[in-house]
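Asks: Next come the chains, spelled out residue by residue.
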Amino acid sequence: MDFLLVQFLNGLASASSLFLVASGLSIIFGVSRIVNFAHGSFYMLGAYVAWTLTRGLDWVAFGHLGFWGGILIAAVVVGLLGVIVEILLLRRIYQAPELFQLLATFGVVLIVQDATLWIWGAQDLLGPRAPGMRGAIDIMGQRFPQYEMLLIVIGPAVLGLLWLLFHRTRWGTLVRAATLDREMVAALGVDQKLLFTSIFFLGSFLAALGGGLQLPREPVQLNMDLAIIADAFVVVVVGGMGSVGGAYLAALLIAELQAFMLFVPDFALFGVTVSISKMTLIPSFLVMAVVLVVRPYGLLGRPPSHARIAGAVEPVVRATPAELKWLGYAALALLVVLPFFVGDYGLIVATEILIMVLVAASLHFMMGPGGMASFGHAAYFGLGAYGAALMTKHLMAPMAVGLAAGPLLAGLFGILFGWFCVRLSGVYLAMLTLAFAQIVWSIAFQWVAMTGGDNGLLGIWPDSWATGKDVYYYLTLALCVAGVLVLRRMIYAPFGYALRAGRDSPLRAEAIGIDVVRVQWAAFTVAAVFAGLAGALFVYFKGSVFPTYASIPKSVDALMMVLMGGVQTITGPLIGAVVYMGLHEQLVRLTELWRLVLGASIIALVLAFPQGIAGFVVRLWLKGKAEDL
Amino acid sequence: MSVLAVQGLQKSFGGVQAVAGVSFAVEAGELLAMIGPNGAGKTTCFNMLMGQLRPDAGSVAFEGSDITGLAPRQVWRLGVGRTFQITATFASMTVSENVQMALLSHHRKLASFWAPATSLYADEAAALLQQVGMVDQRQRACGVLAYGDLKRVELAVALANQPRLLLMDEPTAGMAPRERVALMELTAKLTRDRGIAVLFTEHDMDVVFAQADRIIVLNRGRLIAQGTPAEVRADKGVQDVYLGSGSTFGGH
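Keeping their order, the protein sequence lines are chains B and G.
Residue numbers for the first sequence, in our numbering: 2 to 630.
Residue numbers for the second sequence, in our numbering: 2 to 253.
Isolated chain G (complex conformation) (with noise of 0.2 Å):
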């Protein structure tokens, strides 16, 4: 059984059909990249696997049970965790305390009106922080964070519920080409320790020839290919799409 199978998705918007009839699964200790052209209906994917869109069609479900429609807290609860394109945390936080609250609410404890929050799984987020190396800044404030150790939080703070599947939408964008192969590397050393499954999106050929086990190729919302990295590259309808729209592979 996958961790996740997608079937026939489908979602428009007014009379632009975003997301047309895509299917494809994903398999514990997988990273799967999906990849595509811009407006090629990637995240409006990603938000209808994780809930915060609810498909006109189709099918998502995560270890053979329908979560398809499901609010973006249950999908979690089921042992799902995402990160964000751009990274959404808790400014008035400090990066241990974003991490708190993940295991907080993990472990049922936030309807708590006594007991002070910080003091609560400091040592997990530690050591969740740990494995992401940001520990040593856990007492900073997330707000005065740089982008790319903001993502590393995000990473922990996914974590935090162990999930068997993790969603990345755009992991890397905006952080610079070394920081964001090193982000990657991080991401695909946690999850094959723990056989996480991961669906991620990405821009940068780069990462996804690395890292990726499987590519899936989205455009105009339809899935145009699929397979190994190399069977991706020698693909002729994936190479028009990419050299048509001006994109490069690899390169900096």
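Extracted from the complex, chain B is given alone in its bound form (with noise of 0.2 Å):
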């Protein structure tokens, strides 16, 4: 009894700095409708600064103002960080898709990685515990920490000071005004620009504030961000997004849940243990699925306000230009004259090219007329990838039956995962995927009996009649293309038509019949079936298979190429895929700090092309055409 007391108390902690930095998140996506990849970075960045300034302050002998002081000033300082990067990056591109402006802040996330890792170095960093608060209280018998307790009572605190500030303030009263309807806070005279860029102070102020309070909690280390974004994201969604309310209440639903899971026993299932008390990932994001199911908009949301601007509208897809099918030969011919040419490091990085070439038709086959974005893609990647990997590894299948078996868990899941996503769109859609694709990585990461866990499984290699660089090579090039041929030729026919019917005026495709969420359905698992074999592929290229594969960046990559490309072009994601790619490879081998460059180059394309490669290209060549689009 008095140990599930402190399990409580403990959930409360958690709550509080999962809350500072959600809710920081959420006022930002209220406003600005940007979902900020950023936020993670800015919540590292706060503890990083709070760890040296709580240093230096404290060097000086400043005892409780060296810590406390340390810790605001730094969230003040990356608060002004984000007001930086809102100013020069993000203010450009409000107009851009909105996956665009995710992109942008996945280039600075990239950035301050690199940054991070330059000025404060690899090694985990041992934060200052708060003076005065170092022992612990007596409760029914049990010592929790005084720490502990002081979160417990700052969460709540934060969430009655930010709702003095939205109800109190003229400022704030705009701002609930323009998470509501921001045209018509425009339309009424406000200045736009302030507005949004005190959002973002305010939101990175938070998200550094969580940060820097965690120092006495855990060490500072480099993989902060993106482990504190994905819960963010969760914590977002499952409140609503936009509602500060629903954040600390979402955050409150997952903390105490991740704290009671402790107690979950292990059981069997089919001959495996599992134990659920050390897959403490997967509850918050079963809580999310379940959530946007009943209530699509969170806990405390409510349905965003239509956007009266217009988005861009779709071109229209036409046949093939003749001059793009002698290109596509061309290519398919130089592929195949290409182990002739080049040695066994240049079919390595062109096999991976081709994999993941098929990994941005699959996804853009979604994306593109499908109208779903997905955060997650990789899970499909990383389910195809175990699929073949447990086959090969458990029941020493020949590459056949893992390279079938693959797509086939990928698709298994497609429809499992996909039947709860379509029931939602655009950014909450964007998020579940996310989410979905965090479930299966948790599950490889912390299911060591059956997937290794963090070191994998290695020594799957093909069968010994594709051993050869250059016949694995021809494997993959004969699989992707067919693949990339059959998604395309989907595309043309009256599936792909329906789909895009779906995206085009869900109103309309109803009216005449189509099933829109069913085709949705149908086009997920076709794309995760794809991704499926992809992953399959990618295993006895490389002979092992790690949860990373199934990770938040290589999803991100997958995102990447095909909007780096172009999203409303078929062609487009394939160019994608091979620039980001050959970006990647170029990078890695000629710098160590190859993700600030990368980072900034994504930026620097955003600003450039919005409409992505293809859709320059494209534009370019109908100018000279007087054709209408």
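Be a bit skeptical, because a hint or two may be false.
To spell it out: a stretch of chain G is covered by chain B in this simulated footprint if at least three of its residues, at any positions, have a beta carbon under 8 Å from a beta carbon of chain B; those stretches are [to be verified]:
| id | segment |
| --- | --- |
| 1 | 81 to 92 |
| 2 | 110 to 119 |
Selected chain G positions facing chain B (in silico; Cβ < 7 Å) [unchecked claim]:
| id | residue |
| --- | --- |
| 3 | P73 |
| 4 | R74 |
| 5 | W77 |
| 6 | R78 |
| 7 | M102 |
| 8 | A103 |
| 9 | L105 |
| 10 | S106 |
| 11 | A142 |
I should point out that these hints are in silico values taken from the structure, not numbers from a laboratory.
Here a beta-carbon is modelled for each residue, glycine too, at the ideal position from N, C-alpha and C.
Both chains are given apart, each in its own frame, so use the hints to dock them into the complex.
Replies: Below, the structure written as structure tokens:
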């Protein structure tokens, strides 16, 4: 009983720190409609800067002031950094499609990662304990740290302050108004720029405060950013995007669930021990899935107001121009003769790029014609990889079986996850795909008995006939080209048209007898199957599989390829995959700071080509022709 | 048997009773206009007929079978076409492809993953577009059409499943006066030829009185009058509603 109480208090403390980060994200989204991936980076920076400041100030022997002052100053500094990012980057792309804004913020994530590594180094940094809070208090015979007690208070306190800020000040009223209907607020003559910039300050400040307050609880490390951003997304979506109260409620729900999960006893499933208490990551995502299906806009959220400025009209998909067809044949011919000209290293690079082209094509299938952006496409890539690897590892199956099992497993999960996802749309759908991807990742990471956990599964090589780099290259070439062509064919077939119909006008589509949800569900599954095939190919190519195959950065890679190429064209994502993988490959070889350069390139590309590379080329191409688009 | 028979239809939104017990019927080959001032409940009524909204009470029967609460796509499958107040077309497709989609769906060919869609039912689509006068523009993108042309495309789409009933919510909204009359004349011609029953709402009284066989008048969710155009024009209650609300009959 006492133990349960302490566990409950632990949950409350975790909820507070989760809430600080999530509230900032939620406020930023509510007003600017930007899904800010960089929010996790601000959290991490908050912790690092606070680490430096508290040590620095403490050295001057300021005691209390050094610690609390350090954390506050760090939060202000990072808040100002958020302002700089908003002014220099985001302000230029508010009119761009929302996924491009997401890309840009991911560029910031990469830059911050390398900058942090460069400034503070790779080793974990141990923060100072809070002065005057080093002890523990006695709760019904159990010892409970004083600092945790403080955190429990800070969460509701910040919630109360935010409530006052939003309900008792003119600025707060404007923020609430902009959350409901920002075009109307602009029409009433409110300076949008100032409002957006100040919102970014507040959001980044809260993130950094959350990071700084973690100092006494856990070491400061480099993977804090992506670890927290997934949790924060979940909290924001469960609570309702833009709702601060909802964020607290959701943080409470998830943190308590995680705290009490530790008591679920192990059980056996198909002869393998399943330890729920070790899979701490799963419950939050399950909560999210359930909440979103019951309340699609989150616990306290409401449906987004209609944007009056209509988004860019999707261009008509016409038959492939003859020139492009010949270009395609030429590229294929080049790929067929490639092994005669390049060595093993070249073939390895080419094989990897081919696999990524298939990933990009499968993601584009659901994103482009389907209008369903996925933040978690790596889930199906990873499932395909594990499906194949488990076959070979545990059942000694030949490669052909593995290559079939991968897409099958991915497809089955596509059916399962897709059923939930297609009931939502837009950012909510994307968030749910991310949540499911995190479930897959955490199963792979935490179910050590089956998947080997972090160490992965090693030694999964192709059958003896396909061990040669050139043979495996040709196998990959054949399967990937076939996959891309089948997907392309489907886009031009009635099924692909029905999919586009559901994207263009769900109202009209339903009114002519199209079951939009079912069509999207089928497309979701198709995309999962082909991503799974790519994953299976990747396993035998690398000889191993790791949880990272299903991680957020992999999902973002796939998004990046599609968006860089241009989601509105069918060929674009293929080009995007080649360019992105090529860039990636070259940068990793050339420089230690490849993340920084890659992040900067992504930002530059977003600013230069908001339509993607292929979209840009199509525009140039059509300029010469008097045809109406 | 009436093509469409509506019995005691009711719908409330919070405390507002948008539709409060409306009953009427549409016969084959008849053009029935539903009129009424803003907020009378016309669009709510329409959305319940087509399945976009579920009525609180009452029933909707199509050719004698109950269709209350069916999804829009199920209602469509039975043979009911629909056009929207604000046009809803597929902007990323050509005019022809928009009509072809309806044809593909009607012939249950949507689950095909292989054959190129543009080549399927192109001739049938062209024939339909010929009838609404849009065949010359069939290769243009729907996203770039003039509003009046979009309305014609919607009409062709609505005719694609050979409906026995056509529901048109403000078919001429947003069009120039001359275009309005032309579009409704076209609709009347096409539907009378095929014996299609038409129920439409309309604000333009010129269009209503020129084309409708019968008129029903809604006010505050209730049916206050019905009859031939002449009868409705003479109705004291209708005059009160319209003159009282500041709307005028005819005249541009």
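Asks: Tell me the hint numbers this structure goes against, listed in increasing order.
Replies: The structure breaks none of the hints.
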